[in-house]
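Asker: Each chain, letter by letter, is given below.
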Amino acid sequence: MRRHPSQQQLQAWLESGEPTRVGKHIDTCERCMALLEELSDLGDSLVAELTDALAAPTDVEFRTARQVESRLRNEAAFTAFLDLFTVGWSATKTILDIEEDSDE
Amino acid sequence: MPSSEPFPGRALGGDGRAPNDPAADPEMLRHAIDRHAAYIYRLALSIVHDRSLADDVVQETMIRAWRWAPIEPDGDIPRAWLARVARNAAIGILRRRREELYGSDAIPEKESSLSPARTVEGRAALDQLRGALGALDEADRALIVLREIEGLTYEEIAETMELPLSTVKTRLFRARQQLKRALEAWR
Chain R
149 MRRHPSQQQL
159 QAWLESGEPT
169 RVGKHIDTCE
179 RCMALLEELS
189 DLGDSLVAEL
199 TDALAAPTDV
209 EFRTARQVES
219 RLRNEAAFTA
229 FLDLFTVGWS
239 ATKTILDIEE
249 DSDE
Chain S
75 MPSSEPFPGR
85 ALGGDGRAPN
95 DPAADPEMLR
105 HAIDRHAAYI
115 YRLALSIVHD
125 RSLADDVVQE
135 TMIRAWRWAP
145 IEPDGDIPRA
155 WLARVARNAA
165 IGILRRRREE
175 LYGSDAIPEK
185 ESSLSPARTV
195 EGRAALDQLR
205 GALGALDEAD
215 RALIVLREIE
225 GLTYEEIAET
235 MELPLSTVKT
245 RLFRARQQLK
255 RALEAWR
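Line order of the protein sequences matches chains R and S. Here the first sequence is numbered in the working numbering, starting from 149 and rising by one per residue. Here the second sequence is numbered in the working numbering, starting from 75 and rising by one per residue.
Hint data in this document are derived by calculation from the structure and do not stem from the laboratory. All C-beta atoms, glycine included, are put in the ideal place defined by N, C-alpha and C. The reader is advised that the hints may include incorrect statements.
Unchecked claim - Now the in silico label distances, taken between C-beta atoms and shown as ranges: (1) S:P238 <-> R:A239: 29 to 35 angstroms; (2) R:F229 <-> S:L200: 24 to 30 angstroms; (3) R:R151 <-> S:H105: 51 to 57 angstroms.
Unchecked claim - Some chain S residues flagged as far from chain R (calculated, every beta-carbon gap over 10 angstroms): (4) Y115; (5) D124; (6) D129; (7) P147; (8) W155; (9) R158; (10) R169; (11) R172; (12) E174; (13) L175; (14) A209; (15) D211; (16) E212; (17) E222; (18) I223; (19) E230.
Generate the whole structure from the sequences, applying the supplied hints.
Answerer: Here it is as structure tokens:
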């Protein structure tokens, strides 16, 4: 598509994604891309509503910190348990003189 | 913060971080949560449509960030990196939820378009908007949130979504149009 699509064609493409030749033109045309950006603009009031609709709870930072802390402490405790087990096994091997390589 | 004690460092530094890596610093986690939790929550909520699941996404993202995030010269985490991790975490959580509910054979390829009549009760404006958002697929919702609410640049969104720049723009513009149409249908 050599010529720029009309505003109606761009509007139709926004609605339906058709015709594909308009889509191909847009991919390489900054002017039409800018016009599409303008045509599809949500406007300040809709963006404000959108922000309200997806608002995070006011205590999201506090709750996240508490939950992450708890989760990491559980992981740390589990790791410490594994360390104790490993140390215990090493000590047992030393005391009983267990050799892992029994080929000799 | 819920506790004045430091976060347990062992669980952080042991995951491939060098001991002197600034991201392994517990203070970095506190800072990241204070600065980014609400941002991640909004993005997560737009994808998972469930406040409890959105909480899970925020936690998961923050823990991953603490362990693996690249750090910018000013000590912060790149927002595009966080958004990509959050989006992946949200998709993973949704997938696991679907598997629990329907079994692994019944996982849809993408979020199905929700019927406004079933998803929204009452006519409150925010519910209408949530219903209209629900009519978009997960990727389109994320595009709208990242651009319209969080103000990421198109380049940052392309990095987050792992899409070509022109695709980000054309898809975002069509998503905005769909959102406006869906909202008109509601109101």
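Asker: Against this structure, judge whether each hint is valid.
Answerer: Structure-based check of each hint:
About 58 angstroms separates the C-beta atoms of P238 of chain S and A239 of chain R, a value inconsistent with the hinted range of 29 to 35 angstroms. Between F229 of chain R and L200 of chain S the beta carbons are some 47 angstroms apart, a value that contradicts the proposed interval 24 to 30 angstroms. About 53 angstroms separates the C-beta atoms of R151 of chain R and H105 of chain S, a value consistent with the hinted range of 51 to 57 angstroms. The beta carbon of Y115 of chain S is not kept farther than 10 angstroms from every beta carbon of chain R, the shortest such distance being approximately 4 angstroms.
Every beta carbon of chain R lies more than 10 angstroms from that of D124 of chain S, the smallest distance being close to 12 angstroms; the non-interface claim holds. The claim that D129 of chain S is not at the interface with chain R is violated, since a C-beta of that chain comes within 10 angstroms of its own (minimum 7 angstroms). Non-interface call for P147 of chain S relative to chain R: holds, since the shortest CB-CB distance, roughly 24 angstroms, exceeds 10 angstroms. Residue placement check: W155 of chain S keeps its beta carbon more than 10 angstroms from all beta carbons of chain R (closest about 18 angstroms).
Against chain R, the non-interface label of R158 of chain S holds: every CB pair exceeds 10 angstroms, the least being about 18 angstroms. For R169 of chain S, the shortest C-beta to C-beta distance to chain R comes to about 20 angstroms, beyond the 10 angstroms cut-off, and the non-interface label holds. The beta carbon of R172 of chain S sits about 22 angstroms from the closest Cβ of chain R, which is more than 10 angstroms, so the claim that it is off the interface holds. With 10 angstroms as the threshold on Cβ separation, the claim that E174 of chain S sits away from chain R holds: the shortest Cβ distance comes to roughly 20 angstroms.
In this structure L175 of chain S is separated from chain R by more than 10 angstroms, as the shortest Cβ-Cβ distance comes to about 23 angstroms. Look at A209 of chain S: its CB is around 13 angstroms from the nearest CB on chain R, clear of 10 angstroms, so calling it non-interface holds up. For D211 of chain S, the requirement that its beta carbon stay farther than 10 angstroms from each beta carbon of chain R is met, with the minimum near 14 angstroms. With a least CB separation of 14 angstroms from chain R, E212 of chain S remains clear of the 10 angstroms interface cut-off, as annotated.
The beta carbon of E222 of chain S is not kept farther than 10 angstroms from every beta carbon of chain R, the shortest such distance being approximately 5 angstroms. The Cβ of I223 of chain S sits about 5 angstroms from the closest Cβ of chain R, inside the 10 angstroms cut-off, so the non-interface label is violated. For E230 of chain S, the shortest C-beta to C-beta distance to chain R comes to about 16 angstroms, beyond the 10 angstroms cut-off, and the non-interface label holds.
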